[in-house]
Amino acid sequence: MSSRVNQLGFYQDLADLMNSHPEQYETLGEVDFTLGIVMVDDHGADLRVRLSFEELGCSEVSPLSEGTENGCDCWLKGDLPAWEEMFEDITANGLATGRRTINSLTLLGDRIATMGDDPMGVDKFFRFNQTIQQFLDGAAQLVPATA
Amino acid sequence: MALATDETVRDFPEATPMGQPLDWSWLRGTRAEWGMNPVPGRRGLTMMDIATGTYGEILDEPPYRSMAPRGADIAEDTPDMGYILNHKSQVWADNVIELYEEAVARQWSSARDIPWNELQELPSDIEHAMCQLCTVLTEIEMIATDLPAKWMWRMNHHFVEAKMFLATQIMDEARHADVFRKRALANGGGLLLAGSGDESLLRSILEAKTYTQASALLHLLGEGFILDVFRQGEMIAPTHVEKKIFRLSMQDEARHVAYGTMHIRQAISGDPDVAEEIHEALDHGEKFLIEFGTSPVLSSALAMLLGGGSEHIEDKGFPLQAQMATKIFTSYLARCERAGLNRIDRTELPLDLLGIDLSKFDKSGV
Chain S
37 MSSRVNQLGF YQDLADLMNS HPEQYETLGE VDFTLGIVMV DDHGADLRVR
87 LSFEELGCSE VSPLSEGTEN GCDCWLKGDL PAWEEMFEDI TANGLATGRR
137 TINSLTLLGD RIATMGDDPM GVDKFFRFNQ TIQQFLDGAA QLVPATA
Chain X
20 MALATDETVR DFPEATPMGQ PLDWSWLRGT RAEWGMNPVP GRRGLTMMDI
70 ATGTYGEILD EPPYRSMAPR GADIAEDTPD MGYILNHKSQ VWADNVIELY
120 EEAVARQWSS ARDIPWNELQ ELPSDIEHAM CQLCTVLTEI EMIATDLPAK
170 WMWRMNHHFV EAKMFLATQI MDEARHADVF RKRALANGGG LLLAGSGDES
220 LLRSILEAKT YTQASALLHL LGEGFILDVF RQGEMIAPTH VEKKIFRLSM
270 QDEARHVAYG TMHIRQAISG DPDVAEEIHE ALDHGEKFLI EFGTSPVLSS
320 ALAMLLGGGS EHIEDKGFPL QAQMATKIFT SYLARCERAG LNRIDRTELP
370 LDLLGIDLSK FDKSGV
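Chains S and X, in that order, are what the protein sequence lines are. For the first sequence, position 12 (counting from the first letter as 1) is numbered 48 according to the working numbering, and the numbering increases by one without interruption. For the second sequence, position 39 (counting from the first letter as 1) is numbered 58 according to the working numbering, and the numbering increases by one without interruption.
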């Protein structure tokens, strides 16, 4: 698992999972949100991903060039180990626990921070937070396929 | 005006068989636009889709003060409803239609969507702290139903989408009062202390002299504070059940704050003198918020939850609480900036005590 979280394909797998089970997102309602993920690697292999959420699915997973993050409503920036710990917690427990939910991590903000140029775009992170958490929690279901 | 031409030439009865007069003028044409044919998008037919032509023209000062729908051919003798909020900047926000649709699409049920049967028995101190927090939240949530209800009937119906959004806010807040009340009772506990330190803030919001002052106090100050408490709540929740409660409630609260922020911005843009009115309201409101935020009951319950139990109140609870307070008030000041209000130079909040370093202040507040 940890070896894949800094690969674009991992997020495409999460998107495919979400798109194959829209009924699981129906209660949460539709989303219109573009989220950037910036994973900083000390060895220079940063990962930047753009996730576009529309209706009940993730319509696009694409590379995000450095400096174009402001094309997203907001982006989450953190070091690779912090992201790995979050996904390891999800896979170990089936969903994020304790202070490793994406909201808690960004609230503390010391390792993963919410960033954005448009304050109303940043607000969307809170408005659609449960959907984003459920999307990330999907990592627990990817384990068998990636083991 | 396209009409069913067959009907324009027919003679229709002028009265019912009972002798009551009939008016067929609506069939022969009005000044309202006809044949708009809005196309449903992938999300269905939204209010954004039908905001076309005159139906989508939000006038700064609508000529009528009636409940007649915007875009209709309004009879000259339509009675005045006595609205007092008749200027767009007094109620509108540019994101309000989108927020209304979002609210409708993202409603949830406290009965069905919370896995109540997965609640776990908690240590007594944690259960008590959780129940105390739920008591406070149950008490304060309904202010955000009472306040819009106080003003909605005074808003010109031309701004119907703003009223529709506020109706969703009322439903959201009812659900919050409901879900926290349920949580207090659902795990073997119950409601605890109420009324200590909360009511001054609530009263100041309810008694605001203008809607825009009220919106600043409610949406920017009060709900902004609660949005951050919900963010913390999700972090301090003892189990995934409470986490989900806080996260779902947070989504709702963020919509309300998004409306309020944009409304205040619009209000100041429409009438710059309004800024001083809002400042005056917030001068008072901030004092009450500090009183509420530092109330011995709420503070002790939060410290217990943040510390993860009574053993770590002092070494973990209080330090985290201080860290969270910094976050909360930084977010508030940043929100004011977004709304076009510079509170930094005016506020009497104890910024040093709250750990806010203005030299490092990030106006994005995130």
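Everything labelled a hint here was simulated from the structure, so no lab data went into it. Heads up, the beta-carbon is just placed ideally off N, CA and C, and yes, glycines get one too. Please note that a few of the clues may not be correct.
Derived pair list, reagent style SDA-like, types lysine to any residue, alpha-carbon separation capped at 25 angstroms [to be verified]:
no.	chain 1	residue 1	chain 2	residue 2
1	X	Lys201	S	Glu62
2	S	Lys113	X	Lys182
3	X	Lys201	S	Thr63
4	X	Lys335	S	Asp125
5	X	Lys201	S	Gly65
6	S	Lys113	X	Gly63
7	S	Lys113	X	Gly75
8	X	Lys201	S	Lys113
9	X	Lys335	S	Arg136
10	S	Lys113	X	Ser378
11	X	Lys182	S	Gly65
12	X	Lys335	S	Met156
13	S	Lys113	X	Phe380
14	X	Lys335	S	Leu144
15	X	Lys182	S	Met156
16	X	Lys335	S	Asp68
17	X	Lys335	S	Gly134
18	X	Lys201	S	Leu131
Restraint ranges, calculated between C-beta atoms of paired labels, are given here [unchecked claim]:
no.	chain 1	residue 1	chain 2	residue 2	range
19	S	Pro58	X	Trp43	23 to 33 angstroms
20	X	Asp292	S	Gly45	48 to 58 angstroms
21	X	Asp371	S	Thr133	29 to 39 angstroms
22	S	Asp153	X	Arg365	38 to 48 angstroms
23	S	His57	X	Thr35	52 to 62 angstroms
24	X	Lys306	S	Pro58	27 to 37 angstroms
Requested in this report: Mind checking the alpha carbons of Lys113(S) and Ser378(X) for me, to see if they're no more than 25 angstroms apart?
Outcome: Judged against 25 angstroms, a Cα distance of about 23 angstroms means the pair holds.
Report task. For the pair we were handed, Lys113(S) and Gly75(X), check the Cα-Cα distance against 25 angstroms. Result -> 39 angstroms, violated
Query raised in the report: For the pair supplied as a hint, Lys201(X) and Glu62(S), is the alpha-carbon distance within the 25 angstroms limit?
Result: Distance of about 24 angstroms is within 25 angstroms: holds.
**Report entry** Given hint Gly134(S) paired with Lys335(X) - CA-CA distance at most 25 angstroms
**Finding:** Given that 25 angstroms is the threshold and the Cα spacing comes to 15 angstroms, the pair holds.
Report task. Given the hint that Lys182(X) pairs with Gly65(S), test it: the Cα-Cα distance must not exceed 25 angstroms. Result -> 21 angstroms, holds
Report task. With a cut-off of 25 angstroms on the C-alpha distance, tell me whether Lys201(X) and Thr63(S) pass. Result -> Holds, at about 20 angstroms.
Query raised in the report: Does 52 to 62 angstroms hold as the CB distance between His57(S) and Thr35(X), or does it fail?
Result: Given a distance of about 56 angstroms, which is inside 52 to 62 angstroms, the answer is holds.
Query raised in the report: Is the straight-line distance between the alpha-carbon of Lys335(X) and that of Asp125(S) 25 angstroms or less?
Result: 22 angstroms, holds
Query - Supplied distance hint 29 to 39 angstroms, evaluated on CB atoms of Asp371(X) and Thr133(S) - result: 36 angstroms, holds
Query raised in the report: Is the hinted range of 27 to 37 angstroms satisfied by the C-beta distance from Lys306(X) to Pro58(S)?
Result: Roughly 48 angstroms apart at Cβ, these two residues miss the hinted range, so it is violated.
Report task. Quickly compare the C-alpha distance for Lys335(X) and Asp68(S) to 25 angstroms and report which way the hint goes. Result -> With Cα atoms ~38 angstroms apart, Lys335(X) and Asp68(S) exceed 25 angstroms; violated.
Report task. Measure nothing beyond the straight line between the CA atoms of Lys335(X) and Leu144(S); if it is 25 angstroms or shorter, mark the hint as holding. Result -> 14 angstroms, holds
Checked against the numbered hints listed earlier, the structure breaks hints 2, 6, 7, 8, 12, 16, 19, 22 and 24; every other hint is satisfied.
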